[in-house]
Amino acid sequence: MVWGCRMSRAWVFGDDIDTDALAPGAYMKRPINELASHCMEALAPDFAGSVRPGDIVVGGRNFGMGSSREQAAEALRHLGIGAVVAHSFAGIFYRNALNLGLLAVECDETGRIAQGDELRLDAVGGVLENVTQGVALPCKPVPPFLMDMVEAGGLVPHLEKRFGGVES
Amino acid sequence: MARSLARRIIARASGEDAAPGEVVTCAVDLAMIHDSGGPRRVKPILERLGVGVWDANRVVVATDHFVPVFDEETRRIQNLTRDWVKAQAIRHYYEEQGICHVVTPERGHLRPGMFCVGGDSHSPTGGAFGAYMFGIGATEMAGVLATGEIWLTVPETILIEWTGRLGEGVFAKDMMLFLCTRLGMDGGRYQAVEYAGDAVRAMAMPERMTLANMTAELGGQTGLIGADDVTAAHLAGLGVAADIDGWGHDAGAEVEERHVFDASALPPQIAAPHSPANAADVGEFGGVTPTIAYIGACTGAKLDDLRVAARVLKGRRVAVGVTLLVAPASVRETEAARDEGIMAVFEEAGARILPSACGICAGYGDERLEAGTVCISSTARNFKGRMGDPSSQVYLGSPLSTAAAAVAGRIIDPREML
Ligand code: SF4
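In order, the protein sequences belong to chains F and E.
So the first sequence is numbered by the numbering used here: it starts at 125 and just counts up by one.
So the second sequence is numbered by the numbering used here: it starts at 148 and just counts up by one.
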């Protein structure tokens, strides 16, 4: 996995971004590609249509609060988001993101990132470089046992090792 | 030093007396799932792993989110759910019997000391029974269903003590809106929140369920209330043999954070759009004129909630220009309410009765709030766009405050109507 070296563009949101905004209820019965196309539309109608693969979502406190619906993380992953960096995460969202192979990294200084800034994330080393502003922001490294899972692609590939998966 | 309730349950489930911050693996006593995050999401994962559920007797499935079916897709989801439950030989299947958080305890599945997971964020509701219960996403649930276990960082305990007694017309819901506002939506820090004190001890189980339920809004992993005589009597009434010994609140236990509030000083609370943490005393909302009043959800439509709402609706009519919608939390509770004459009170007041399901609370169905609607709701969440159009404005209040606003045509102090 190339978490280390990619240049990413920042999409900056505030505190308490909720799962109803990330995965709106009206589309919860729909396939993920359609649900993802409505991701964040109540707050940023142009988000789903404008993100590019590898972009980083930057949140404030308590990112992903609310529902246990993992489509909140799945929608971001589906849109190609490379990682979510937030001051703090709601617990269920944090677990869901890592279980789905979406990197979620805590950083105390997300306030020093502006919309559209170029970022370079080293999740293992715990550094988020804001290239545009020329500052290196310390991040909390993801615990190794969780990082292993993210690198395996999430919980399911991880469990496949345990169960051997279905012979195909 | 004595252990908090959370640590005692985790020690039992993990077999280790680990300290807060340590990661342990716990054996799961019960896994609850619903039609949205349940079979339709876990089935493909279990198939990919080539395994079935680890113990069909420890799985509860309830359908509530896409209920009633209203189109091809929701019908397909319900058919898939039914077929999967059958294929996995799961006996504890509750089809359209009400909201999972109410149906699961009502059918006797929760007992003090249990370690449980639910595929829904309001799973801490089970904590009212002295069980450690928390919400997880579907992929993680598939992992639990495959293995019967889950990892957990042993939480700190945040003790919230309510001294005194709640005043007339003030409820658990008011306490939780107050706490969300005071401590923030992340005040629970994904730790274990334990509620105690005279005011909590005096509460019946449904009110305790509301406290535990809204721990989700407080950002706790779980919300716990130590088992006591009230718990034991309630379970006995359900025909559940349960041992409360060892699963009570221990006032001498070590806790990492403690807050003390005086219940007798708390007035009814209303949370303004778009957050449960936007609450203030009801008196500050006199200018708000809702057109929809919604009494529903696991949080605010249990039998006790319906009883409370009926107190102000009895002999009164809903105001002109207001639609009162009532979605009782379970079929069983609807029947009990009917027997008590409460459903008749709603009907005579002009309410429209909706099926016992998540309904407008989830915003998953065909009934949603239209653009510009102003709504007062007994539910737990008023995030922007959750219950319908992003321009709708949802105020949260207790079932009593919701009913009072429906009658008055504006938000008023419900105590004026008692
Ligand atoms: S009633 Fe609302 S809060 Fe309760 S489980 Fe259903 S959607 Fe969630």
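Worth flagging that the hints you see were computed from the coordinates, not collected in a lab.
Fair warning: this is a prediction, and the values are worked out from it, not measured in the lab.
Every residue gets a Cβ at the ideal spot worked out from N, C-alpha and C, and that includes glycine.
A few of these clues could be false.
Stated by the list, open to error - Incomplete in silico selection of chain F near chain E, CB under 10 Å:
id: 1; residue: D139
id: 2; residue: D144
id: 3; residue: K153
id: 4; residue: N157
id: 5; residue: A166
id: 6; residue: L167
id: 7; residue: M189
id: 8; residue: N220
id: 9; residue: G249
id: 10; residue: Q257
id: 11; residue: G258
id: 12; residue: E284
id: 13; residue: G288
Unchecked claim - Cut-off 25 Å, straight-line C-alpha distance, at most; resulting in silico cross-link-like pairs (DSS-like, lysine-lysine):
id: 14; chain 1: F; residue 1: K153; chain 2: E; residue 2: K461
id: 15; chain 1: F; residue 1: K153; chain 2: E; residue 2: K531
id: 16; chain 1: F; residue 1: K285; chain 2: E; residue 2: K531
id: 17; chain 1: E; residue 1: K233; chain 2: F; residue 2: K153
id: 18; chain 1: E; residue 1: K461; chain 2: E; residue 2: K531
To see whether the hints hold, each was checked on the structure:
Interface restraint check for D139 (chain F): the shortest CB-CB distance to chain E comes to about 8 Å, inside 10 Å, so the restraint holds. Taking 10 Å as the C-beta contact cut-off toward chain E, the hint placing D144 (chain F) at the interface holds, the least distance being around 4 Å. Taken as an interface hint, K153 (chain F) checks out: its beta carbon lies about 5 Å from the nearest beta carbon of chain E, inside 10 Å. The closest approach between the C-beta of N157 (chain F) and any C-beta of chain E is roughly 15 Å, which is over the 10 Å cut-off, so the hint fails.
The beta carbon of A166 (chain F) is positioned within 10 Å of a beta carbon in chain E (closest approach about 4 Å), and the interface hint is therefore held. For L167 (chain F), the suggested interface contact is upheld, since its CB lies about 7 Å from the closest CB of chain E, less than 10 Å. This hint holds: M189 (chain F) has a C-beta 6 Å from the nearest C-beta of chain E, less than the 10 Å allowed. Interface hint at N220 (chain F): satisfied, since its Cβ lies 4 Å from the closest Cβ of chain E, which is below the 10 Å cut-off.
Here the hint on G249 (chain F) is broken, as its CB sits about 22 Å from the closest CB of chain E, past 10 Å. Against a cut-off of 10 Å between C-beta atoms, the interface hint on Q257 (chain F) is violated, since the closest Cβ of chain E lies about 27 Å away. Restraint check, G258 (chain F) versus chain E: the minimum CB separation of about 31 Å is more than 10 Å; hint violated. Hint on E284 (chain F) holds. Least Cβ distance to chain E is approximately 6 Å, under the 10 Å limit.
Because the beta carbon of G288 (chain F) sits about 7 Å from the nearest beta carbon in chain E, less than 10 Å, this interface hint is met. The suggested pairing of K153 (chain F) with K461 (chain E) is violated, with an alpha-carbon distance near 39 Å, which exceeds 25 Å. The straight-line distance between the Cα atoms of K153 (chain F) and K531 (chain E) is roughly 19 Å, inside the 25 Å bound, and the hint therefore holds. Restraint check for K285 (chain F) and K531 (chain E): the C-alpha separation of about 41 Å exceeds 25 Å, so the hint is violated.
Taken as a hint, the K233 (chain E) and K153 (chain F) pair is honoured in the structure, with Cα atoms around 22 Å apart against an allowance of 25 Å. Restraint check for K461 (chain E) and K531 (chain E): the C-alpha separation of about 33 Å exceeds 25 Å, so the hint is violated.
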